[in-house]
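Peer 1: Residue numbers (the working numbering), protein chains in the order written: chain A, 5 to 116; chain B, -2 to 112.
Hints in this document: simulated from the structure, not taken from any laboratory. Mixed in with the good hints there might be a few duds.
[Unchecked claim] Here are the simulated lysine to aspartate or glutamate pairs, DMTMM-like style, with alpha carbons at most 25 Å apart:
#, chain 1, residue 1, chain 2, residue 2
1, B, K65, B, E41
2, A, K103, B, D60
3, B, K21, A, D43
4, A, K6, A, D43
[Claimed, not checked] Taking beta-carbon pairs under 10 Å as the criterion, some of the chain A residues facing chain B (in silico):
#, residue
5, Y74
6, S76
7, R80
8, L91
9, V93
[As the list claims (entries may be wrong)] Here are the simulated distance ranges between beta carbons:
#, chain 1, residue 1, chain 2, residue 2, range
10, A, T115, B, M37, 26 to 36 Å
11, A, L116, B, S24, 25 to 35 Å
12, B, S84, A, K46, 17 to 27 Å
13, A, D11, B, T35, 12 to 22 Å
14, A, G58, B, R108, 19 to 29 Å
15, A, N26, B, T112, 23 to 33 Å
16, B, P78, A, S56, 42 to 52 Å
Since this is a predicted model, take the numbers as computed values, not measurements. Even for Gly, the Cβ is constructed at its ideal location relative to N, Cα and C.
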Amino acid sequence: RKEVEQDPGPFNVPEGATVAFNCTYSNSASQSFFWYRQDCRKEPKLLMSVYSSGNEDGRFTAQLNRASQYISLLIRDSKLSDSATYLCVVNRPTGTASKLTFGTGTRLQVTL
Amino acid sequence: DAGVIQSPRHEVTEMGQEVTLRCKPISGHNSLFWYRQTMMRGLELLIYFNNNVPIDDSGMPEDRFSAKMPNASFSTLKIQPSEPRDSAVYFCASSRSGGPLYEQYFGPGTRLTVT
C-alpha cells in the first residue's frame, strides 16, 4: 500500500464550480500535512498547510481527520488558472530527521 | 532573489553513459533535497543533505546513483551507468534549516531521457 494515496483524476469541472480532492495516508506517526500545486511541466510549489482544526485561504479550504488518516482540499468558485495537479504531502519523523512523502497527485482541469 | 537553480534543464543520453545533474540551492538554505518524478511513481525523495552532510539516502535506487554536496552552494547527482528506466524529471529543492520542513523550494527540474 502506498504511504500517501490520491485519486489521480482528472477532475474536469466548469469555471465557478466547487471541487474537492481527498487523500489518505497510511502512517499514523505522520505529523504534518500539506497541499502542493504543480503546473504542467513545472516544479511543485507549496499551496497550503493542513491543520487539525481545518484552515482556509481564500477560495481554498483544507481539512484533516487524524482518526481516519484522511486529508481533503476544497476549491470554491474554480478559476481557469486553478488547472494543475494537486499533490497531497505528508511529513513524518524518521529517526533524527523527518521527510516529506508526496502523493502522485490529482489533476484538475477547469473549463469555460 | 534567485530561486533554486538546476542544470542542465534537459539531458538526452545513451544507455551506459554517465549523467551529472547540478543544483545550486537558495542562498542561506541549509537543507537540500534530490527528488525524482515519473508518471508511475510520482515524486520520490532520493537523498537529502543538511549542512552539506547526507542525512537520508534510503531513496537512492542503487549503486549507480551517487550524490555529493561539496559546499553549501552546490550539489550534484550522478548516474553511472545510466539506463532507460532512469528517464524521469529530477528536482532539487532546498529549505531553511530550523524552519518548518515543508518550506521546500523546488528548482525547475532536469528532464532526463536515456535511450
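Peer 1: A closest beta-carbon separation below 10 Å is what the hint needs, so does R80 (chain A) meet it against chain B?
Peer 2: violated, 24 Å
Peer 1: Note whether the CB distance of P78 (chain B) and S56 (chain A) lies within 42 to 52 Å or breaks it.
Peer 2: holds, 48 Å
Peer 1: Using Cβ atoms only, decide whether V93 (chain A) comes closer than 10 Å to chain B, and label the hint accordingly.
Peer 2: With a minimum Cβ separation of about 7 Å from chain B (threshold 10 Å), the hint on V93 (chain A) holds.
Peer 1: How does the Cβ-Cβ distance of D11 (chain A) and T35 (chain B) compare with 12 to 22 Å: does it lie in that range?
Peer 2: This hint holds: roughly 19 Å between Cβ atoms.
Peer 1: Tell me if the straight-line CA distance from K103 (chain A) to D60 (chain B) falls inside 25 Å.
Peer 2: Satisfied, since the Cα-Cα distance of roughly 22 Å is no more than 25 Å.
Peer 1: Please verify that hint: S76 (chain A), Cβ, nearest Cβ of chain B, below 10 Å or not.
Peer 2: Given a least distance of 18 Å, the restraint on S76 (chain A) is violated.
Peer 1: Quick check on L91 (chain A) please, does its C-beta sit within 10 Å of some C-beta on chain B?
Peer 2: holds, 7 Å
Peer 1: So does L116 (chain A) sit 25 to 35 Å from S24 (chain B), Cβ to Cβ?
Peer 2: violated, 42 Å
Peer 1: For the range 17 to 27 Å, tell me whether the beta carbons of S84 (chain B) and K46 (chain A) fit it or not.
Peer 2: holds, 19 Å
Peer 1: Between K21 (chain B) and D43 (chain A), does the CA-CA distance stay at or below 25 Å?
Peer 2: holds, 22 Å
Peer 1: Is 26 to 36 Å a correct range for the gap between the Cβ atoms of T115 (chain A) and M37 (chain B)?
Peer 2: Holds: the Cβ-Cβ distance is about 27 Å, inside 26 to 36 Å.
Peer 1: Compare the distance between the alpha carbons of K65 (chain B) and E41 (chain B) with 25 Å, and conclude whether the hinted pair is satisfied.
Peer 2: Measuring from Cα to Cα gives roughly 18 Å; hence the hint holds.
This entry does not satisfy hints 5, 6, 7, 11, 14 and 15, going by the numbered hints stated previously.
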